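Undergrad: Please model the entire structure based on the sequences and the hints provided.
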Amino acid sequence: MKRLWALVFALASGFVLFGSGLDFDYVIPKRLARLAAMCIGGVCVAWSSIIFQTLTGNRILTPAIMGYEAVYLLFQALLVLLLGTASLMLLGSQGNFVLSVLLMLGYSWALQRWLLREGNSNVYFLLLLGLVLSLVIGTVTQFVQLKISPGEFSILQGFSQASFNRVQPQQLLFSGLLVAALCLGFARTLPTLDVLALGRDQAMSLGVDYPRVVRLQLALVAALVAISTGLLGPTAFMGVLVANTTYALARTFRHRVTLPMGSTIAIAIFIAAQLLVEHVFNYKTTVSILVNLLCGTYFLALMLRTRGTR
Amino acid sequence: MITVHNLHKTYGTQTVLAGVNASFAAGRLTSLIGPNGAGKTTLLMMIARLMAPSGGDIRLDGRQVGDIPLRDYAKRVATLRQAPDFNLRLTVEELVAFGRFPYSRGALTGEDHRVIDDALSFLALQPLRRAYLDELSGGQRQMAFLAMTIAQQTDCLLLDEPLNNLDIKHAVHIMRALRRLCDEQGRTVILVVHDINFAAHYSDHILAMKGGAVHCAGSVAEVVNETRLGELYDLDFEITHGARGRLCNYFNPA
Chain A
0 MKRLWALVFA LASGFVLFGS GLDFDYVIPK RLARLAAMCI GGVCVAWSSI
50 IFQTLTGNRI LTPAIMGYEA VYLLFQALLV LLLGTASLML LGSQGNFVLS
100 VLLMLGYSWA LQRWLLREGN SNVYFLLLLG LVLSLVIGTV TQFVQLKISP
150 GEFSILQGFS QASFNRVQPQ QLLFSGLLVA ALCLGFARTL PTLDVLALGR
200 DQAMSLGVDY PRVVRLQLAL VAALVAISTG LLGPTAFMGV LVANTTYALA
250 RTFRHRVTLP MGSTIAIAIF IAAQLLVEHV FNYKTTVSIL VNLLCGTYFL
300 ALMLRTRGTR
Chain S
0 MITVHNLHKT YGTQTVLAGV NASFAAGRLT SLIGPNGAGK TTLLMMIARL
50 MAPSGGDIRL DGRQVGDIPL RDYAKRVATL RQAPDFNLRL TVEELVAFGR
100 FPYSRGALTG EDHRVIDDAL SFLALQPLRR AYLDELSGGQ RQMAFLAMTI
150 AQQTDCLLLD EPLNNLDIKH AVHIMRALRR LCDEQGRTVI LVVHDINFAA
200 HYSDHILAMK GGAVHCAGSV AEVVNETRLG ELYDLDFEIT HGARGRLCNY
250 FNPA
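Sequence lines, in order, name chains A and S. Residue 303 in numbering that gives the first Met the number 0 sits at position 304 of the first sequence; the count goes up by one each step and never skips. Residue 1 in numbering that gives the first Met the number 0 sits at position 2 of the second sequence; the count goes up by one each step and never skips.
No lab work stands behind these hints: they were computed from the structure. Nothing here was measured: the structure is a model prediction, and the numbers come from that model. One thing to keep in mind: the hints can contain errors.
Looking from chain S toward chain A, a few residues come up when the C-beta cut is under 10 Å (computed) [what the hints assert, rightly or not]: (1) Arg70; (2) Arg88; (3) Leu94; (4) Pro101.
SDA-like cross-link-like pairs, simulated, lysine to any residue; straight-line CA separation at most 25 Å [stated by the list, open to error]: (5) S/Lys74 - A/Val212; (6) S/Lys74 - A/Arg199; (7) S/Lys168 - S/Asn196; (8) S/Lys74 - A/Gly198; (9) S/Lys74 - A/Tyr209; (10) S/Lys74 - A/Arg253; (11) S/Lys74 - A/Asp200; (12) S/Lys74 - A/Pro210; (13) A/Lys1 - S/Leu89; (14) A/Lys1 - S/Arg88.
Cβ coordinates follow ideal geometry from the N, Cα and C atoms, glycine included.
TA: As structure tokens, then:
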């Protein structure tokens, strides 16, 4: 854990100072803002993926399967289609951020409310519905994209990939406070999450009110995904990598250990990817592509390795 | 004392339990027996509050179980289902420590450690306490899960087919441990068991179920006889009385 912190610290100082010419008026404040976005995004990605995997008892899922990101992309596509580039002016990035977050929260609220209304706590049904909805929404988004002019489409593409370059200081402050409040508020429930890993029946016979806990934790996951997607754009694959690396390094199931460690790993990946984008690839590629390349490779390796041991 | 009154469970048009009445004496070991699909596990899961009844009520010492908060219920009734498969790497000790969750919510106290030690000693699991669950045999795993349930320090233990997939030696160990829980610690044990001879040797009471209703109930001597078991299973039973207790032979028809 200490080594991880040292790594993140080294990466972070490298990121802030490398080639900055110690320009404290423009370059460094801009980089600090991006660093803050990475920290917030890292915490969101790690917490939401690890908690989601605990709730579903599955190590290859991320909350993306629930369709939160699909809703975000559809919203962006519709904005560009209906208002064109004027939407950028009309809403500003602030308005877009707030609306996106609210929309994703509303979607998850409706989904849970509708599915879990009769004390039904079948998580798999929720997953299935989330998956189908995200496919449907994704197809609608593609349809909308066909109607958009090429110039406007390139703007839309900017939204559909994770990026740290468009965050605004106010958004950072707002989402930072929100994420901190959520994490502190839910810190108390971490031992309960440990018990959930034993499965529904065993958790209930240990006195855990399973349906209520699942509802609350899913709401937390939705909020974190909404914030990180609104702030950075979709991160899709990355949660799987972060969560599984964390399990391998932490060698414990306790969320008190895995969540902070996962956050650190996620932040390290973000900084490394951004460093490469800025200094090696000179903005010719995006963080999303690098992260997906890394995560995809890791995922394949993970599958090959687990197949080898059987 | 757990009493069940007119308990019903239906799924759509299918009736699983049809008006079950039963009472389970405190400090005794009661076995639920009967053919597959008789509703034994359903009854047990409803007492455990893992499943909601469609009608009727279940009372613990006269109080409706639905009125007792789940956290408090976990200090009075512990349930062990067939050892679940999960992808956690846990040591025996860590698993047993989960039994203390209803009391300390994850922050173990000195008292908790003492209870965990006691539970491990009770089942002679001390040598295995740092072993990982996925490295254990099925029997040792089941023992570890039982230790967790014991560490929950409840008056009542519910076990769903605890002997499933165990060799005869581990099955005997588990049944002896359950018997000692009753005799030495005064706990109430209710279990679903398929091996009629284990039920006959270790139970105080037997509740026989068939087709979602109670077929017969009573002491071992009352239930374990050729006519009653014959009706229950539609099999031909021969029951012999030896120096070491009664033995049911149903393997070949006469």
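Undergrad: Tell me if the straight-line CA distance from S/Lys74 to A/Tyr209 falls inside 25 Å.
TA: holds, 16 Å
Undergrad: Are the Cα positions of A/Lys1 and S/Arg88 separated by 25 Å at most?
TA: Given that 25 Å is the threshold and the Cα spacing comes to 23 Å, the pair holds.
Undergrad: Within 25 Å, alpha carbon to alpha carbon, are S/Lys74 and A/Arg253?
TA: The given pair, whose Cα atoms are some 23 Å apart, holds under the 25 Å limit.
Undergrad: Could you check if S/Leu94 really has its C-beta closer than 10 Å to a C-beta on chain A?
TA: Since the shortest Cβ distance to chain A is 8 Å, the answer is holds.
Undergrad: Hint check: is the beta carbon of S/Pro101 less than 10 Å from a beta carbon of chain A?
TA: Holds, about 4 Å.
Undergrad: Within 25 Å, alpha carbon to alpha carbon, are S/Lys74 and A/Pro210?
TA: holds, 20 Å
Undergrad: Within a Cα-Cα threshold of 25 Å, do S/Lys74 and A/Gly198 meet the stated pairing?
TA: Given that 25 Å is the threshold and the Cα spacing comes to 19 Å, the pair holds.
Undergrad: Holds or violated: S/Lys168 and S/Asn196, Cα atoms, limit 25 Å.
TA: Answer holds: S/Lys168 to S/Asn196 is near 14 Å, not above 25 Å.
Undergrad: Are the Cα positions of S/Lys74 and A/Val212 separated by 25 Å at most?
TA: Holds, at about 19 Å.
Undergrad: Does A/Lys1 pair with S/Leu89 here, judged by a C-alpha cut-off of 25 Å?
TA: holds, 24 Å
Undergrad: Against chain A, is S/Arg70 within 10 Å by beta-carbon distance?
TA: holds, 4 Å
Undergrad: Can you verify the interface hint for S/Arg88: is its Cβ closer than 10 Å to any Cβ in chain A?
TA: This interface hint holds because 7 Å falls under the 10 Å limit.
In summary, this structure violates none of the numbered hints.
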